[in-house]
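S.K.: Following the hints, complete the assembly by docking chain U onto the known chain G.
For reference, the chains in residue letters:
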Amino acid sequence: MSEITLINGTVLTPDGAVSADVVIDGDTVAAVGSDGERRGEVLDCAGAYVGPGFVDVHVHFREPGLEWKEDIASGSAAAAAGGFTAVVTMPNTDPAIDSGHLARYILDRGREVGFVEVVPAGAITLGRAGSALAHLDELWNAGVRIFSDDGDAVADAGLLRMAMEYLADRGGVIAEHAEDAGLTRDGHMHEGSVSSRLGMGGMPALAEETIVARDLRLVELTGCRYHVQHVSTAGTVELVRRAKAAGMPVTAEATPHHLTLDHRAVESMDPAYKMYPPLRTPDDLEAVREALRDGVIDLVATDHAPHAAHEKDVPFEHAPRGIIGLETAAALVAPLLDTQTLFDRLSVAPARLAGLERHGWWIEPGAPANLVVFDPDTSWTVQRFRSKSENSPYLGSELTGAVRYTIFEGAVTHR
Amino acid sequence: MKHFLSTETISKPDLESLLDLGDRFVEVLARPIPKVPALRGKTVAMLFFEPSTRTRMSFERAAKALSADTMSFSPGTSSLSKGESLKDTALTIKAMGADALVVRHKATGTPWRVADWTGLPVLNAGDGAHQHPTQALLDSLTIRRHFGTLDGLRIAIVGDIRHSRVARSDIWAFTTLGADVTLVAPRTLLPVDLEGWPVKTVDTIDDVLDGDVIYLLRIQTERGGASVLPSLAEYVERFGMTNERFDRLPEDSIVMHPGPMNRGVEISAAVADHPRALVEEQVANGVAVRMAVLLRLLGEEDVDV
Chain G
1 MSEITLINGT VLTPDGAVSA DVVIDGDTVA AVGSDGERRG EVLDCAGAYV GPGFVDVHVH
61 FREPGLEWKE DIASGSAAAA AGGFTAVVTM PNTDPAIDSG HLARYILDRG REVGFVEVVP
121 AGAITLGRAG SALAHLDELW NAGVRIFSDD GDAVADAGLL RMAMEYLADR GGVIAEHAED
181 AGLTRDGHMH EGSVSSRLGM GGMPALAEET IVARDLRLVE LTGCRYHVQH VSTAGTVELV
241 RRAKAAGMPV TAEATPHHLT LDHRAVESMD PAYKMYPPLR TPDDLEAVRE ALRDGVIDLV
301 ATDHAPHAAH EKDVPFEHAP RGIIGLETAA ALVAPLLDTQ TLFDRLSVAP ARLAGLERHG
361 WWIEPGAPAN LVVFDPDTSW TVQRFRSKSE NSPYLGSELT GAVRYTIFEG AVTHR
Chain U
1 MKHFLSTETI SKPDLESLLD LGDRFVEVLA RPIPKVPALR GKTVAMLFFE PSTRTRMSFE
61 RAAKALSADT MSFSPGTSSL SKGESLKDTA LTIKAMGADA LVVRHKATGT PWRVADWTGL
121 PVLNAGDGAH QHPTQALLDS LTIRRHFGTL DGLRIAIVGD IRHSRVARSD IWAFTTLGAD
181 VTLVAPRTLL PVDLEGWPVK TVDTIDDVLD GDVIYLLRIQ TERGGASVLP SLAEYVERFG
241 MTNERFDRLP EDSIVMHPGP MNRGVEISAA VADHPRALVE EQVANGVAVR MAVLLRLLGE
301 EDVDV
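In the order they appear, the protein sequences are chains G and U. Under our numbering, think of the first position of the first sequence as 1, with each following residue one higher. Under our numbering, think of the first position of the second sequence as 1, with each following residue one higher.
Hints listed in this document are in silico derivations from the structure and should not be mistaken for laboratory results. Using N, Cα and C, we set each Cβ at its ideal position, and we do this for glycine too. Do not rely on the hints blindly, as some may be mistaken.
Derived list of chain G stretches under chain U, where covered just means 3 residues or more per stretch with a C-beta under 8 Å from a C-beta of chain U [unchecked claim]:
(1) 196 to 204
(2) 303 to 317
Part of the chain U face toward chain G, derived, beta carbon under 10 Å [claimed, not checked]:
(3) Gly109
(4) Gly128
(5) Arg162
(6) Arg238
(7) Arg296
Bound-form chain G, shown alone (with noise of 0.2 Å):
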């Protein structure tokens, strides 16, 4: 068993932060403590916090049939470079993750690659067409915990109920893609100042709002445990507020992009900034922060959604949706919290939810090995990504925030 001794770094344990080294063996964290003893490779994490490695339960691996904007194993060494040690593939691939035997494809490409820890979500309904049930015990066997067909939501209400019935007593979460077919239609960015200045069809607040809304009433009605998948709007924030109020059991995450970016961006017509949901005002940007900070937003998902360059390389309304997330995650949203909270946002609360239980450890012995080492302090330029596809709008900016090394199950994946 390989042997890493982490030295000089602010480690975050379940009782807060010290300055200590960090004993690595095997797949274990062995020591925690500045008693002197260093075994093994030795790693300076001199200015950088020593943390439990990032979880993210929303990106794009594209594998299977879509391999030429991402596989898992690209995937995978972008979740590394990004500082993760998790992630949950969505199953919007050709085909969809609809049956246990694809999911666990899934699962075992994930290992063969051996990056990072790759589990599906399996699709809500046959083929993502919205018009059966997916097989949800298939999936749930293979190991599934969260289910949606993200991309869409499930218009059919009936059909959601009768999915949310079936995967409430054990325990699933139905994962879903807020947004009304009828009131998007047409629409390729925010309805608002922005878009109608474009004359460009606009996708309102109000689409993510009422399909949360209708959920939310059928999560009253059956239990069933419910997560919004990146919220974009104040209403939705205002929603799941009065939701977890309640008492009921409902999750939300936030990509890095809605918690930095809003529609005048999209003046530029540049595809870049092309995704759904859409940017949105100011004012919702503001509420999403805010909602994470205090925790109505339970954590942080990048929806990383590779697209070729010359997929992207078209006028805006013809574009594919999605920006690529995974690589630039910790640096945007860093300055936006406080340590705890980042790493809670970006690890605790995202492994609690997929149900990962060799990840979001505070560090102490005994705990997985499956760290990050996330240097607060050091500014990069964003030039290249170790994802097949480099859709992203922050392409050339300078960030800061560098994750330094990562661990996954004792083995250094990035450095």
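M.R.: Structure of chain U alone, referenced to chain G:
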């Protein structure tokens, strides 16, 4: 001026100088030989990715009246139908030796993309429901030639503002030139959010019949106009320029329309044919202002016309 893409940011002196040049070209076009050699040896390529007859012919006429050569492209018979990307189409036409590109596309922002890809001067001939800046120039010139100025004029733009690149271009040009602009439309045909727009809105044409210019937009059924109205008859009732309404207009007012007109819908047949409906003059002035823009983008400084 490198490109001519939008009226949103163009300054009043720049607009006025283009209109002055347009005035001179109106005179050139009235000569026995309506042609000047200013752009001899230059090639202007027409990239109309969306069907268009009048705007394309107007640009071709303008280029030829400046002695430029033209090349033309039709999406139906081009490599686009074989799967070629827009970018490659634009680069191919550049490689053939075009000096400037006139671009129309139903997707917002395409002329900006083409400008990035090719580095050539680009004239926006209409992108989605966003901008159609030479239309705003020809409309401004038509009004200025009639009234002498736009300063202080009251102009009403009536109809499907939401889906209209003509409205989005005219509003900025007219207000930059000092006019008061009122939009007249049912809420389903107004932009959702008018924050920052220098306009007033009313919801029936009867509220603007004391104005100087009534600018009627086409109900664009091909852009979904049909689904945002209960019926065309109801539209005529509240927004149509009927004979009765025309009679209530001040005697020195004018009626304009960008064409093609739906006679009997936004404009009655009799009004369309009335001397105070300047529709044909708009079309004629279109050639002159497009000459002005082409000359600005491609010509030498201080060229004598």
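S.K.: If a hint holds in the structure, say so; if it does not, say that too.
M.R.: How the hints compare with the structure:
1. 196 to 204: holds (count 7)
2. 303 to 317: holds (count 6)
3. Gly109: Because about 3 Å separates Gly109(U) from the closest Cβ in chain G, which is inside the 10 Å limit, the hint holds.
4. Gly128: holds, 6 Å
5. Arg162: This hint holds: Arg162(U) lies near chain G, its Cβ roughly 8 Å from the closest one there, short of 10 Å.
6. Arg238: Violated: closest Cβ of chain G sits about 22 Å from Arg238(U), beyond 10 Å.
7. Arg296: violated, 23 Å
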